[in-house]
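Can you build the whole structure from these sequences, using the hints too?
Protein sequences appear in the order of chains A and B.
In this text, residue positions in the first sequence follow our numbering: the first is 1, and each later residue adds one.
In this text, residue positions in the second sequence follow our numbering: the first is 1, and each later residue adds one.
Hints are computed from structural coordinates only; laboratory data are not their basis.
Quick caveat: nothing in here was measured; it's all calculated off a predicted structure.
Please note: incorrect hints may appear among the correct ones.
[Stated by the list, open to error] If you want the footprint, here are the derived chain B segments under chain A, 3+ residues with CB under 8 Å: (1) 16-25; (2) 114-123.
[What the hints assert, rightly or not] Covered stretches of chain A (chain B as the covering partner; in silico rule of three or more C-beta atoms under 8 Å from a C-beta of chain B): (3) 407-414; (4) 445-458; (5) 461-473.
For glycine and all other residues, C-beta sits at the position ideal for the given N, C-alpha and C.
Each chain is listed here by its residues.
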Amino acid sequence: MLEYLIPSLATLLQPQTLLIMLGGTVMGLIFGALPGLSATMGVAVMLPITFALEPGTGLAMLVAIYIGGISGGLIPAMLLRMPGTASSVATTFDGFPLAQKGQAAKALGTGILGSFIGGVLGLAALMFLAPIVARVALRFGPFEYFSLTLFALSLVSILSRGAMVKGLLAALLGLTFASVGAAPLGGTQRLTFGLIELFGGFGIVPFMVGLFAISQMIRDVQQRATPIDVKLDIRGFGVTLKEVLDNIWTILRSALIGLGIGILPGIGGAASNLVSYAAAKQASKEPEKFGTGTVEGIWASETANNASIGGALIPLMTLGIPGDGVTAVLLGGFIIHGLQPGPLLFRTNPEIVSGIYMSYLIVLFMMLFLMFGAMRIFPRILQLPRHYLLPALFVMTVIGSFAFNNRLFDAWVMLGFGIAGYLLERFNFSLSPLVLGFVLGPIVEQNLRRSLMFSEGDLMPFLTHPFSAGFLVLTVASVLFGIYTESKKRRSSSQHTPPHP
Amino acid sequence: MNNHTSVHTDRWVGVAFALLGAALFWSSMGMRSGAYLGDPGPAFFPRVISILIILFAIILIFRARESNQDSQAGPVSDDASNSGGLRRFILTSVAALLYIPVISLIGFVFATSVYLITAIWILGPRKWTHAPVIIGFAVLFTLSLAFALTRWLGVAPPQGILS
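Okay, here's the thing in structure tokens:
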């Protein structure tokens, strides 16, 4: 793998590729900075556009948007107390008060450097752990893959926002959508209702773009954008080496938390920034200062959410299981370029893997220089007029979905999933289990049927294969944990609710 | 403004899922089933999914009946509930829904320009002094996107049946 790093770097350092990555980083920063847009939406909108690029360049652009999007969320979090993305919620707790005290540069500088350091540590973990996980995963057969994907589905359903039963229903809905078209083994047509366009199933591009981008646009259109007026005196870069060293344990702990949470399927920066903030507050010698503008809180949040990126890429690249919503869309990027993420990717396309590592590193530096250099124009980004932005984005999603298969049917599919995504979130269903169900559905079914063919219908091998048994035990444990947590919540809420007269 | 989905809503959502599960089960009856060399066949997976959907939908309906407090909803816009916001939302949605079939009629460039002008006007402050900027942006954006698609990305946008 190491022998491919330098050639990959040489390819990425070509002017055109650098420009594409820079454009992706800027776009990601804008998507992350504007409340109502998100890194997921940015990657989803640009996904079909990257189809025309070389695989390495296309994936580099998507990684750039991902990193830019997660990092960009700190801008409105600190200047407006509005997190640009869910990954920056905890950044508002101390970033905004610190900026209000006239130390906007310190707040922004700390957040930017925290994002950079978290990203670097995430990348280091990705480069170190991914080959190890891939080597172990090469020993997996259909029994192990079935049990692993079942575990991933159960975990994300139970840990997602809202009631567990809604998470499970969302996952099952995703599995239903994945069943449309040709069955994984044998190619029997299912649920196509005679439509030739559905013989290949729902395309991953219209599915992802509709679910994340269109549903968000529907919400944004409903909310009238309030004029944003930010006047802040931003001078200097705000952060010193001494402050980094003073907070080194917070930084390292937050990176570990971000990594650990990022690796778990279905959760990512959205949870890691909050967990890391809570851990930092608990470990701090001055916990009472949290919430008043302490830099420790900013280090915790921004380091964790960027370290989650590396964590989320580990299961995506080694197992083909997305670690969060953005990596679920990134999975679409692999597929449209004819690449199958998983352990074999490290053997058949090591140059792609190295390219992702190197583009990740290059984009981190781009993000660092762009954000420090453009600190003073951040308030302008927040003033981009929505009534121009939203229709333009909609056009891009329509033409992007059309470009996927050269047919307008996919644009209708995209709209349909957009409406479905909007309605599901409106009724408090999380989209993560739905996405994972759609993505993993064919893998679950194919491996289940293959396993049963190998064992001639015998279920015992699922328990006698050690990894498979382990994943099944984890599945049962996560379901039981979910039931326990939910019944505890319901018991405590019924105790606090006064009885009806 | 009521920011909570009602228990009533969860009940109807459960009913919708139960109907979906039933429809999926009914569809699976027409698929090949039965084990061959251990393979349960293409009908097995949809059938299992449909049964689980019905089961969890029933749980959701019963939970909604038992529940004595409202569940938390996703974000709800205050603007959507007033007539101005609702009108804007409906008009934008109609424009978006018409945009796709109009592309196949008059082609990408014309349809997109018209859509952008319409949507920006509906969503924006609607001042006639902004009209030249809106038209200029719509045309420039459309032509730039068409150029980028054809020249750089090799994607031919739809020309329309009237072309």
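Now for the hints, and whether the structure bears them out:
Counting residues of the stretch 16-25 of chain B whose C-beta lies closer than 8 Å to any C-beta of chain A gives 3; at least three are required, and the coverage claim holds. Counting residues of the stretch 114-123 of chain B whose CB lies closer than 8 Å to any CB of chain A gives 5, which reaches the minimum of 3, so the coverage claim holds. Given a C-beta distance limit of less than 8 Å, the hint that chain B covers the stretch 407-414 of chain A holds, as 3 residues qualify and 3 suffice. Check result for the stretch 445-458 of chain A against chain B: holds, 10 residues qualifying (beta carbon to beta carbon below 8 Å, three or more required).
By the rule of at least three residues with a Cβ nearer than 8 Å to a Cβ of chain B, the coverage given for the stretch 461-473 of chain A is violated, with 0 such residues.
Hint compliance for this structure: hint 5 is the single one not met.
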